[in-house]
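Given these sequences and hints, build the entire structure.
Chains as they are written, first to last, in the numbering used here: chain A, 283 to 621; chain B, 283 to 621; chain C, 283 to 621; chain D, 283 to 621.
Among the hints, erroneous ones may be present.
[To be verified] Estimated spans, in silico, between C-beta atoms of each pair:
{"#": "1", "chain 1": "B", "residue 1": "Asp581", "chain 2": "D", "residue 2": "Asp492", "range": "54 to 62 Å"}
{"#": "2", "chain 1": "A", "residue 1": "Lys471", "chain 2": "B", "residue 2": "Tyr488", "range": "18 to 26 Å"}
{"#": "3", "chain 1": "B", "residue 1": "Arg398", "chain 2": "A", "residue 2": "Thr329", "range": "17 to 25 Å"}
{"#": "4", "chain 1": "B", "residue 1": "Arg398", "chain 2": "D", "residue 2": "Asp550", "range": "38 to 46 Å"}
{"#": "5", "chain 1": "B", "residue 1": "Ala558", "chain 2": "C", "residue 2": "Ala549", "range": "30 to 38 Å"}
{"#": "6", "chain 1": "C", "residue 1": "Asn285", "chain 2": "B", "residue 2": "Asp581", "range": "52 to 60 Å"}
{"#": "7", "chain 1": "D", "residue 1": "Leu474", "chain 2": "A", "residue 2": "Thr402", "range": "53 to 61 Å"}
For the record, the hints were derived by calculation from the structure and aren't laboratory data. This structure is a prediction, so every number in the text was calculated from the model and none was measured. Don't be surprised by glycine CBs; every beta carbon is placed ideally from N, CA and C.
Protein chains: 4
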Amino acid sequence: MNNYSTCSVGVVGFRGYSGAELVRILSRHPYVETVLLEHRADSEPRTGPLGRKIPKEVPATAEAIQAEKLDLVFLATPAEVSIDLAPPILAAGAKVVDLSGAFRLGDAETYSRWYRERHTAPALFDEAVYGLPEFYRDRIRSARLVANPGCYPTAANLALRPLVSAQVVDRTRGIICDAKSGVSGAGRKPSLKTSFCEVTENFSAYGFNDHRHVPEVLQNSGLGEREFTFTAHLLPLHRGILESIYLRTQGVKSAVDLLSVYEDHYADEPFIRLYAPGKVPDLRAVQGTNFCDIGFQFDSESQRATVVVAEDNLVKGAAGQAVQNMNLMLGFPETEALL
Amino acid sequence: MNNYSTCSVGVVGFRGYSGAELVRILSRHPYVETVLLEHRADSEPRTGPLGRKIPKEVPATAEAIQAEKLDLVFLATPAEVSIDLAPPILAAGAKVVDLSGAFRLGDAETYSRWYRERHTAPALFDEAVYGLPEFYRDRIRSARLVANPGCYPTAANLALRPLVSAQVVDRTRGIICDAKSGVSGAGRKPSLKTSFCEVTENFSAYGFNDHRHVPEVLQNSGLGEREFTFTAHLLPLHRGILESIYLRTQGVKSAVDLLSVYEDHYADEPFIRLYAPGKVPDLRAVQGTNFCDIGFQFDSESQRATVVVAEDNLVKGAAGQAVQNMNLMLGFPETEALL
Amino acid sequence: MNNYSTCSVGVVGFRGYSGAELVRILSRHPYVETVLLEHRADSEPRTGPLGRKIPKEVPATAEAIQAEKLDLVFLATPAEVSIDLAPPILAAGAKVVDLSGAFRLGDAETYSRWYRERHTAPALFDEAVYGLPEFYRDRIRSARLVANPGCYPTAANLALRPLVSAQVVDRTRGIICDAKSGVSGAGRKPSLKTSFCEVTENFSAYGFNDHRHVPEVLQNSGLGEREFTFTAHLLPLHRGILESIYLRTQGVKSAVDLLSVYEDHYADEPFIRLYAPGKVPDLRAVQGTNFCDIGFQFDSESQRATVVVAEDNLVKGAAGQAVQNMNLMLGFPETEALL
Amino acid sequence: MNNYSTCSVGVVGFRGYSGAELVRILSRHPYVETVLLEHRADSEPRTGPLGRKIPKEVPATAEAIQAEKLDLVFLATPAEVSIDLAPPILAAGAKVVDLSGAFRLGDAETYSRWYRERHTAPALFDEAVYGLPEFYRDRIRSARLVANPGCYPTAANLALRPLVSAQVVDRTRGIICDAKSGVSGAGRKPSLKTSFCEVTENFSAYGFNDHRHVPEVLQNSGLGEREFTFTAHLLPLHRGILESIYLRTQGVKSAVDLLSVYEDHYADEPFIRLYAPGKVPDLRAVQGTNFCDIGFQFDSESQRATVVVAEDNLVKGAAGQAVQNMNLMLGFPETEALL
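This is the structure in C-alpha cells:
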C-alpha cells in the first residue's frame, strides 16, 4: 500500500458542468476528501435517489476554508468571481487551481484586452503558473496558484508546441486551427444559444480570431497573432473538442519523421496518445477520459500537414487537467483518479 | 383560379416556436397577409441573410389592429397573456385563435383548478369554441374566439374519441396514455430543463395525472378523471409527439372491426391517416406535416388494444391546427397552406 | 488487502456493444484477467492510438479455453451461437455466463415458441440459473451456467416482483409496461433500422406483446400472459432503458406504504436505488452505472400507481449484471468493478 | 395562369436519401409527373398510412422509359450504376440528370484516378455539362446529360469561384477548406460507420486531400492541387453541410469590398444568400431549402478571410440542385418547386 496522507480539497462552482465533473473525479480519488463550497445564495434543491452519499457543503468563506483545513480549493467559477475569491483563499492558507481565464494571460493588461474588464488582483499574476503539466510540470509542483488552461488551448498547444519548438513549422504560411466543441463548453447557465432546440441538428461557427482562448495559444506555443487563425464551432453533442489544424512544415522528410517529433516530446506522457501517420482520433476515443489524442495526415511533397487533436473538454480540457495539477501540487501520483 | 379575397392576420408571440411555425405556414398561404404583432419590449435583433423579406411588425394594440384592418389574430402567448389580450382584440373587431390554454377548459373554475390562477376574462368562455376541427368543425366556422387545443390532447382525443363514442371501450378497465414529446413543446424560453446538455442522450417522465392537458382529454373524450391515466415524457428531439394508449375494448371481434370504427369517423378527414392493423406510425411520418397518424395493435381474445398516435406538436399540435381553424373561420379551403 | 486469487475469464462476442462493455468493466476488475475469444473469421482491424494495451486474443475453442485455464466464459453472442458454444465450454471446465436468451426461458418448448427455432441443447435448461441476483443470489453462487437476463425484463422484474409478491397489485386490472430503449440494445450489426438518419429525431414503437422479452417477465414476476401488456419503443439515444409501468394496487394506504414494500425487498441491495414518492429517475441518473433506479407516482384514492424504472441497458441490463453474476460465481465481492 | 405543358420524369434510386428527396420535391412541382424506376430486384415493402398516393413504379429499362414517354430521368445511383444506365436512357430519348460522380470530372482518366475504376462510357464526357447553374446556366439549358455536382464542391465552388475569378485570392498562401457534413451524405445503405451508436455524440475527420470531391473543386474554381487543402468531417446530424474556408486575400481594402465581389457575382441568383460582414450562416438557416448561404469574417490588415458557407446536402447539394437543373433543361422557371 502507498502511504499518502489524505488531503481536504474544496470545490467552488460544483453545480456547473466542470465543477460537477471535478466532484465526480475526486470521488474516485483515494487520498482526497472533497468539500463543496457554496458561493451563491440561489442553492438548488438536491434531487436523486434516497440515501445516496453526498459531500459536505459549507460556505465559500476564508473562515470555512480554515475551519475545514482545506489544502487546496478548485475555482470552477467565472473569471470575475475567481478574481474575487482567489486572494482570500490563498490568504487562508489553501492552494488554488482556478479553472477560469482569470490568471492565464500573464498580466493584467492582456487580461483586460481579451476579457474587456479591469483585473482587480493583478499582483497574483507574479505567482500564477499556467497549468499545462506536459510543459510546466516542475513549476506546477511548487505553485500556490495554478491557472488551469482553457479547453481549446489545451488541445491546440499540445498539438502545436512540439512542432513549433522543433522548428519544423513554416510560420510564414500561417497556421489555421478549425476548432469544434460540444455544448458543455458553454457552461450550465441556461441560454437560448445552448437550448436543445437551437442546437440539435444544427452546427455553427461562433467565434473567430477574437476568441478569448486565442492569446493562450499564442503565449504558450510561441506563435504571433497574425500567424495563428482560429475559428470555434458548436457541435450538437454534450462533450468533446476536436481541432483540425492546418500548417506547412519545413524540412520534414516523411510522416514518420513528423511522428518522431511528437514521440520525442511525449515519450513518457501518461495522457498524450499518438496515432500512426494517416490515422486520426475521433471524439469517442477520448470522451470521459483525461487523454489528449493526436494524429495527422502529411504530404511530404507539398509539406502540408493536417493535425487532428481530440480531448474531452470537461476532462483534459477542464476538470481532469485540474485534478492532474492538484496531484502535482499535493505530491500525489500525477495520474491518480485519472486512469 | 379561385377567387378568395385576401385577409390580413396578425401573430402575437411570433418569436416562440409555435409562433414562428405559424409565420412559416402563413407565408405559404395564398390568401393571407401576415403582420407581426410585437407584445413585449425586449425585441431581439433580426439576424439572417441580407435582403430577405420579412413581415411587417407593429405593436400588439387595439389601435394597430384596427389600423391594419386585421381579420384575425393568433395568440401564441402564455395563458395569462392571452387572457389579457383577447378581450381588446375581439373588441377591435378581429377574430382570435388562441394557442394557449386560456379558453380551453369551458369555465373559469376548471381553469383555476388546473392552471392555479384566477381567470380574469371568464365571460369569454361562453363563446370560446374548442378548435378540434375533426369534431367541432361547424361551430369553429362561426366562432369569434377559438381555443386551439393542446398538443397532447389533440393526439389523445383524435385517438380516443371515436372508440369512446362507439362504446367499444371497456371504461371500467381504465385507459392509459403514455405520452412522449419533443423539446419544442416546452417553448423557446431558456431553462435548465430544456438545455441541450440536460436533454441530449436523456429521457425522463415529467408530468403525471396532474398535467394541465389532462382535463382537455376528459372534456372532449367523455372519459372520467379516474378512467384516464396520463404520463408525459421528454424525448431528446426537436419536434413530435407520440402517444401509446392502452385500453380494453368490449365486443370487438377483430382488428378489422376496430379499424372500421376509425374509418367511419375519419373517412373524409384530410389530416387523419390510418394504418393497417398491426402497423403503427413513427414520428418521422408526421414531422413537418399537419397529419395525425393512428395505428394500433389488437388482440381480440384478450380485447387488449394498444393505439399509437403521432403528430408534429408544432403543426397539428399547435400552429398547423391553428391555421386549419383560421381557414374554417375565414372561409378558405380547410387544407390551404397545410398540404 | 484482500487476498482473492486471480481468475482468468474469456469473452466471446467482444466486438458487440455488450461484449465491449464487458471488456471495459473487466479491465477495472482487480482479480480478473480477460482473454478475448475470437469466434468468427471476419476479424476487424484494430484501430486506436499507438501502444495501447489490449487483452490477449485466442480462438473460442475448447482447446484454447483449456490452454488458457479459463475459469469462466461470457457469451455475448446471439442465442443460436450461445446454444452451440455453451456445451463445449462447460465440458472444457469453464463456467458460463450467457448474455443471450438461449437459456433464460426454463425449457426448450418455451424457447421454441418465442425464438421460433428448435433448441439444440435442451439438457442445459436443468442447470441454467436466471441471473437476476436480487432474487436468485444463492442459486447463482453455485451455478455452472447463468442465463443473464434481458435488458427490458431486468428493469420490469425489479420494479414488479416486490409488488406482486407482496400481493399489493390488483392483477385483474392488468399491468401495462411502456418500455423505451436506446439504440445499443439492438446490437452493433448495421441495419437500416439502427442507421443514424433513421433514428435521429425519430421515435417509434417496434415491439408489442409478442416481444421475446415478455416471457422473461412473466416467468420471474409471476404474472399471467393476459395480465401483462408490453410495448417496446426506440429512443434516439445511445444507451439506457426507462419503463413506465401502470398498475392498480389493492389495500395500499399511502405512497409511503408503497415505498416500504420496495424498501423491505431492497434494503441491502447495492444496485437498487429508490426515490421519494412522487420523484422518478431519468436515464442520466443511471447511464454508465450498474444501478437500477425505481420511483413512482401514487394516488391512494384511485389506487393508481405509475412506477418509473431506469437502468443502463448495457450495464445492469447486460454487461454489468453479467459481471455481478461472475462475482457471485467466482466468490468475489458482488460489487467489485461495478461501483 | 402559366401555360407550361406537363413533362414526365423518372427517378432511379428513389429509395436512397437523395432519391427520396427528389421524389418529395417533385411532388410539389406543378408541371411534372413523376415515375419511380425500379432498378434492383430487392424491392422493399412499402409502409406508411393506408390510402396514400404514391407515384407509379416501372422497371428502369429503355422500353419502359419509351413506353412512359419520359422527358428526363434522374439517376440517384452510385457512379458505376449511372455509367451503365445513362447510355441506354439517352438512347431512349430522355435527358439525364445524374447525381453521381460518373460524369463530373471531364474525362475518363481523371475519373479513373479518383474513383479507382475504369470508366466504360467515356464518350459521354463530350456532352456532359457540370450542373452548377450559377456558373453554367446556359450550357445546362441545352444539355442532354447533366452531371449534378457533389455536395461538398457545390458549397466550396460557390464560395470560392467569385473570389478566385476576381483575382482577390493570394493563391501562394493556399486555401484551406474544413468541411463538415451530416450523415445523410453517406447514403442510406447501412454500415457501421453510419450506425446511430457510432455517430451520436461523436465527431470525426474521415477524408483528406484524396477525397473524390476535391477534383470537382479544382476543375471549377481554377485552383491547383497544391493550392487547395481539404478535410471532410462527419457531424452527428441528419442533413446539412457547413464549410469554413480559410484564405488570404490580396488588395482587398475592407470587408465591404470583399462583400461586393460576391454581390457582383450573385446579384440576381435566387438561391445564393449573402450575410453582412462578420455574420455567418448556420445549418438551421438552410436545412430543407435550396439556398446556399455565404458569410465571412475579414481582417483587412492581415488580409485573412474566413468564409463560412452552408447548404442542405440533400437539397442544394443534391436533389434540389438536380430539380433546378431539370427546370433549366425542360424550360420551366428555374425556381419552380424550390422556393
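Right, here's what the structure says about each hint:
no. : hint                              : result
1   : B:Asp581 <-> D:Asp492: 54 to 62 Å : 57 Å, holds
2   : A:Lys471 <-> B:Tyr488: 18 to 26 Å : 21 Å, holds
3   : B:Arg398 <-> A:Thr329: 17 to 25 Å : 22 Å, holds
4   : B:Arg398 <-> D:Asp550: 38 to 46 Å : 57 Å, violated
5   : B:Ala558 <-> C:Ala549: 30 to 38 Å : 50 Å, violated
6   : C:Asn285 <-> B:Asp581: 52 to 60 Å : 57 Å, holds
7   : D:Leu474 <-> A:Thr402: 53 to 61 Å : 54 Å, holds
Checked against the numbered hints given earlier, the structure breaks hints 4, 5 and satisfies all the rest.
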